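Colleague: Chains as they are written, first to last, in the working numbering: chain A, 1 to 403; chain B, 1001 to 1361.
Because the hints were derived from the structure by calculation, they are not lab data.
It should be emphasised that the depicted structure is a prediction, and the values quoted were computed from it without experimental measurement.
Any given hint could turn out to be false.
Okay, the calculated bits of chain B under chain A, using three or more residues with CB under 8 Å as the criterion [said to hold, decoys possible]:
#1 1168-1180
#2 1255-1264
#3 1333-1342
Glycine included, C-beta positions come from ideal geometry on N, C-alpha and C.
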Amino acid sequence: MDLEYSDRHKALQQELREFAAKEGHRSPKSGGGRKRPDRKTLDWQALLLERGYFARTIPKEYGGYGAEPDVVEAAIIADEFNKAGLYPGIMNQGISMLVPTLLEVGREDQKKQWVETTIRGETIWCQGYSEPGSGSDLAAARTRADLDGDHFVVNGQKIWTSSAHYADMMFLLCRTEPDKPKHEGLSYLLLSMKTPGIEVRPLTTMTGRAEFNETFFTNVRVPASQIVMGRGEGWRVANVTLKYERMLLGDPNKLLYRLSRIRDLMERTAVDGVRMLDLPEYRERLLKLQGEALAWKYHGMRLLTDMANDVDSGVRRLIVKYVGTMMGHRLSSLAVDVLGAAGLSYDPQGEDKDDDEATTWHIDYMYDIGLIIGGGTSQIQKNIIGERGLGLPREPKTQAAAR
Amino acid sequence: MRFGLSDEQKMLDESVRGFLSRALPLDEVRRLAAAGSGYDAALANGLTEQGVTGIIVLEEYGGVGLGMVEAVVVAEALGYAAAPFGFAGACVMAPLAIAKAGDDGARSELLGGIAAGERRVAVDFSALAGTTGAAELTLDGDRLSGTVQNLLDPGAATDLLVALADGRMALVEADAAGVKFGLRKTVDRTRPLGTASFDGATARLLDGGRDVAKDVLQAGRLIIAADSLGAGQRMIDQAVAYANEREQFGRKIGSFQAVKHTCSELVGMLEPCRSLIWYAGYAREHGMEDAPLTILHAKSHLGEITREVSRMATEVHGGMGFTDLLGLHFWFKRITFDRQVLGGPERCRSEAATLQGWAAA
Ligand SMILES: Cc1cc2nc3c(=O)[nH]c(=O)nc-3n(C[C@H](O)[C@H](O)[C@H](O)COP(=O)(O)OP(=O)(O)OC[C@H]3O[C@@H](n4cnc5c(N)ncnc54)[C@H](O)[C@@H]3O)c2cc1C
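Same shape as in the complex, but just chain A:
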């Protein structure tokens, strides 16, 4: 353990405080994630990249800042942004899932072509994994991609495709080797959503908004070079992406940020003239969650250290998605309880306008259930923790725990 702040760390902290004071007003309130980033968000993103407060360790040639990994630096940046209430940069499926996948297993030309525009928030990606018949059993995907000259021709259907209605690109898991066993017949393709033959139909969710879609493919031609790794290696690539997806879904910084917002809410909200923060039964809940979130924060630092040192975190990493999304649910549960009856108001504005506070929390409260399910359900996570993490035997008569 060495968490001592060196002079360099102290300087970074000072620099961040000055940055917050001087540039903080340029920070968007929220953004990225669930909608296409607007101009303000893109400008902010560019500023963060230039300063190295985002994509700090991504090599310069791919548009990053090129710093050596350093957990203390990462923690300082997250802390200072959180304290100053600054938007920490865009998190979306391209940035948090595809980019690290390409950095880990992509070809040089693929990294050059996609990493920079993606981390700048300019290229938006969606994830074409799930199908109506294959959700948990992801490796059963049936969408076909058949080679025809120097192109794959894609036919089939995906479902629950988040952001497909505004994405530029998709990373697609499809079957290229129908004669091989299930897990060996898949490939991972990158394709433009503007390719002829793609139809995107919105699916309304429980929030009342259409955050995801059904995506249909009819003879969609994808250059054969746009494959990541080789034919039949799609399952391997898909699992690299899933690893990062699950890290994203359990991200401690998001949870810590939420915690501080709930604290503010409890300070502003009163019942019978008493602030919620002064009501022991609510304060207890907040404190319990603070304890959970702190453990989670330090757990995250440990994982970052593992990653920087190429250490396999094993079960430590496998718990992230399950534990983090459940914590998210407990946090938003507290928030909607604090909002109470007055805060049952709900009037989502769609993807381009900001929602009021009550609506935002209720969307989170519902969306958190979606996150518990998406990216591999809690039950599947627990299977994976038990089987891959702890070496427990499989349930009788099931194939390998997928996803």
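Following the hints, complete the assembly by docking chain B with the ligand onto the known chain A.
Modeller: Structure of chain B with the ligand alone, referenced to chain A:
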């Protein structure tokens, strides 16, 4: 000693459930949720015929003259159906307040209308319930001023019943001079809440003292708890059906221990709640000493359990549960709503502590 519904109560249950399942197929719930008024004349007329609007109103005033056990049975059925219909406030709290704190004139004038479904009374007890958005009201003689924002059952309301912090209750006509009354959309589109501002509006004072107002509030809490029981049961039934149908890895998902155990856990959590609700209804009906405590626990315990049920039952459905396609979310939102109105679990437990002398008042 018999702990269970009587034959008559079972018949009532079957009859109301039968009517609701015919009147409210999912598409109809969807249509009424989109309309968002919290009221539908055809549905309300049908429920009136079933005796729902007059369930606790004495026969001499044109009601059915039944008690709180019957009322919780009806509430569970309404929750099960996600009915866009105001019951807790309009059909239980309001007639109870009038019966207990009104004079003969008020009773004979108002109760018959409520039983007949012609008078629909929205109620706001936030000043006593310990919720956010508390009422701010003053009564000067018979002139009511101030605002409320948590009116329960505001759909097509003809009258508004509000409680002041000192326990006085005031009844105002919704379209009277000096009253501005409107709906606000909630996360549960089948049930809006109402907002109103009063500017010296003429009110009928119902003053039975603070204990009466509190008692009316407790009755409402019990009914809301029973409503969430129905909603929770519906989600469990749907989860079990889905687990029996959906296949992954070449198997019914219900054959995975994780899913099977989830379903078992759900039943283990919810089934005892039904016993608690029935007991609370009985205890209240018979004026038993432990009725208030049981009701506080019913409201808080159901709030906690049904939140878990709403999450876990949705999880069993996978991505499908998060979509609008199956409509499962109507019950999720009903549970969300029920937890917050008339005082959430924390508040009810803290009242329970005070009631037992475990905490200072
Ligand atoms: C908000 C949200 C966003 C999403 N975004 C995307 C996206 O962008 N791209 C994409 O491709 N997909 C996306 N998904 C889909 C998501 O990955 C799937 O919903 C998820 O993997 C579950 O699959 P399913 O919906 O088919 O559920 P099912 O697999 O049918 O699962 C139903 C139930 O059975 C259980 N179950 C299944 N198999 C087992 C087993 N072996 N052992 C124990 N229990 C089991 C599950 O845990 C669940 O409770 C998203 C989903 C949500 C909710």
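Colleague: Which of the listed hints are not met by the structure?
Modeller: 1
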